[in-house]
Amino acid sequence: MKFVKQHLAIILPMVAILLGLEFFIVFDRSTKSYEASLANSYAMLVVAKEEMSIDDFRTWDDHVFKVAEIEKSKIINRVGASFQATNAQNINEKMPNFYSIKLDSYLNNKELEEVKKNFLKSDKVTRVETFDTLHQSNYGLFSFIKFSFRTFIVFMTIIGFFLILKQMEVWNYLHAERMKVMDIFGASLFLRSKVLINMAFIDAIISAFLTSAIFYFIQNRWIEGSNIAILQDNIDKLFTFHDLFTLIFASIIIAMVAVFLVVINVKEE
Amino acid sequence: MPNIITAINLSLSYEENEEIISNASFSVKKGDFVFITGPSGSGKSTLLKSFYGNLKPQQGSLTIGGLDMKEIKKAKLQELRTHLGIVFQDYRLINEWTVERNVVLPLWIAGYSKEIQATQAQRLLHHVKLSGKEQKYPLELSGGEQQRVGVARALAKNPFLILADEPTGNLDEFSSNVIWDLLENACQQLDTTVVVVTHKIPTVFNINYRHLRIDEGGRVHEVR
Numbered sequence: 027m028k029f030v031k032q033h034l035a036i037i038l039p040m041v042a043i044l045l046g047l048e049f050f051i052v053f054d055r056s057t058k059s060y061e062a063s064l065a066n067s068y069a070m071l072v073v074a075k076e077e078m079s080i081d082d083f084r085t086w087d088d089h090v091f092k093v094a095e096i097e098k099s100k101i102i103n104r105v106g107a108s109f110q111a112t113n114a115q116n117i118n119e120k121m122p123n124f125y126s127i128k129l130d131s132y133l134n135n136k137e138l139e140e141v142k143k144n145f146l147k148s149d150k151v152t153r154v155e156t157f158d159t160l161h162q163s164n165y166g167l168f169s170f171i172k173f174s175f176r177t178f179i180v181f182m183t184i185i186g187f188f189l190i191l192k193q194m195e196v197w198n199y200l201h202a203e204r205m206k207v208m209d210i211f212g213a214s215l216f217l218r219s220k221v222l223i224n225m226a227f228i229d230a231i232i233s234a235f236l237t238s239a240i241f242y243f244i245q246n247r248w249i250e251g252s253n254i255a256i257l258q259d260n261i262d263k264l265f266t267f268h269d270l271f272t273l274i275f276a277s278i279i280i281a282m283v284a285v286f287l288v289v290i291n292v293k294e295e
Numbered sequence: 003m004p005n006i007i008t009a010i011n012l013s014l015s016y017e018e019n020e021e022i023i024s025n026a027s028f029s030v031k032k033g034d035f036v037f038i039t040g041p042s043g044s045g046k047s048t049l050l051k052s053f054y055g056n057l058k059p060q061q062g063s064l065t066i067g068g069l070d071m072k073e074i075k076k077a078k079l080q081e082l083r084t085h086l087g088i089v090f091q092d093y094r095l096i097n098e099w100t101v102e103r104n105v106v107l108p109l110w111i112a113g114y115s116k117e118i119q120a121t122q123a124q125r126l127l128h129h130v131k132l133s134g135k136e137q138k139y140p141l142e143l144s145g146g147e148q149q150r151v152g153v154a155r156a157l158a159k160n161p162f163l164i165l166a167d168e169p170t171g172n173l174d175e176f177s178s179n180v181i182w183d184l185l186e187n188a189c190q191q192l193d194t195t196v197v198v199v200t201h202k203i204p205t206v207f208n209i210n211y212r213h214l215r216i217d218e219g220g221r222v223h224e225v226r
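Chains R and P supply the protein sequences, listed in that same order. Just so we're aligned, residue 27 is where the first sequence starts under my numbering, counting upward by one. Just so we're aligned, residue 3 is where the second sequence starts under my numbering, counting upward by one.
Excised from the complex, chain R in its bound form:
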């Protein structure tokens, strides 16, 4: 029982930190994908006197990702199908050029305004429509969710670190005397901390696998049963095999830093 308690005392806070880390990785990956889809569905409208190419737009602002010219004939057809052919020809010649512009990322309103200003610096551009009201409401909600979730992750990680600090005090209490005795008999730093290193290493690996198992369960059982579209659409991005190595690496680093801090704080009497 004592043995299990000793291991759980480090595994639980470690899992809390790793959950925080993995949530951060997964959330970042999912939001990037969602941001890409939002950016892809968003387009600015630019009205220009002359014909423009994507390179022209890119010289004014490097956020430009894709430019599509809106065919004038379609606009004329939509505005009035009853125009006579000659009138339609005249209108077509006098009409400015319309472009739908997609951006490389999901920008906020200030950045959109900046892009608009950059375009309007050119004499060739007469009008830019950013549809900022709709964009702002989407962006605001998205930013709020992102901020809330990140705050939760940071909070969880801080609690995990405090629990590890507490465990370091326990380690110091349990292992300091042994390390001092070994030091008196000439043991090297590595030998003195070997017991603690072994224990922390095993616990770090267990924590990483436990966290991976939780995410694997969420990915393969819970999300399938849930009706959350955004999660179901990004199911393959939730937990990857690569994440297991990230978690193992992170947990070993945390455990070894904790062990090192305990060992160097054991002073001779």
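Bear in mind the hints are in silico, worked out from the structure with no lab data behind them. Please note: incorrect hints may appear among the correct ones.
Below, computed lysine-lysine pairings styled on BS3-like, alpha-carbon distance capped at 25 angstroms [said to hold, decoys possible]: (1) R/K206 / P/K72; (2) R/K172 / R/K58; (3) P/K75 / P/K32; (4) P/K75 / R/K206; (5) R/K220 / P/K138; (6) P/K116 / R/K293; (7) P/K76 / P/K58; (8) P/K78 / R/K293; (9) R/K293 / P/K58; (10) R/K206 / P/K116.
On the provided structure of chain R, position chain P as indicated by the hints.
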């Protein structure tokens, strides 16, 4: 006989301007059995600590086994300690380890094989009359038995110098006599130098010993 310990004008202190041992000069030869006595707080244990490098000389010089303890580097000090046997008043055994594992600690540190460690453990525990207690834990033993484990640990690697800090301070007369016998034997049979800090020299002692006394001013006098 070569000197194992040489102190010349040695001063020791934990804080500046607060000398515990003052201007001490003495030497200990190979095979000597030395008692260091003195009133409480006179610096007996402090002097002993300086012998295993737990406290560096403030002034003067101290040489142990030919090594200058004032300038000694950490790695060299670790190596020196593997050749010392140290016995404490409060035993300082590792309570979560078995008796056998405690006894072979110096051999484990030196990287001896498990077979050698096991053989040596049997021999040492037989020597200190604790055969059959190999798998016990220190807290399952009496104080006298724990101190015998401490002495067995100190003897494990045939040290050239045994340092004992009040080794019988917490023991009854019978257990004390057993410990004195073990230390006498180490000195006589293995030619090991033994330095014992104690407040009282045993009345019955079978070998010729030396006696250094520390007075309240931290000065060391050769009594015998």
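Going down the list of hints, with the structure as the test:
As the CA atoms of R/K206 and P/K72 are separated by approximately 21 angstroms, the hinted pair is consistent with the 25 angstroms bound. Between the alpha carbons of R/K172 and R/K58 the distance comes to roughly 11 angstroms, so the proposed pair stays at or under 25 angstroms and holds. Between P/K75 and P/K32, the direct Cα distance comes to roughly 24 angstroms. Compliance with the 25 angstroms bound is thereby established for this hinted pair. Of the supplied pair hints, the one linking P/K75 and R/K206 holds, its CA atoms being roughly 18 angstroms apart against a limit of 25 angstroms.
Between R/K220 and P/K138 the CA atoms are separated by roughly 23 angstroms; this keeps the pair inside 25 angstroms, and the hint holds. Restraint check for P/K116 and R/K293: the C-alpha separation of about 30 angstroms exceeds 25 angstroms, so the hint is violated. Taken as a hint, the P/K76 and P/K58 pair is honoured in the structure, with Cα atoms around 12 angstroms apart against an allowance of 25 angstroms. Of the supplied pair hints, the one linking P/K78 and R/K293 holds, its CA atoms being roughly 18 angstroms apart against a limit of 25 angstroms.
Taken as a hint, the R/K293 and P/K58 pair is honoured in the structure, with Cα atoms around 15 angstroms apart against an allowance of 25 angstroms. Of the pairs offered as hints, the one joining R/K206 and P/K116 holds, with about 23 angstroms between alpha carbons and a cut-off of 25 angstroms not exceeded.
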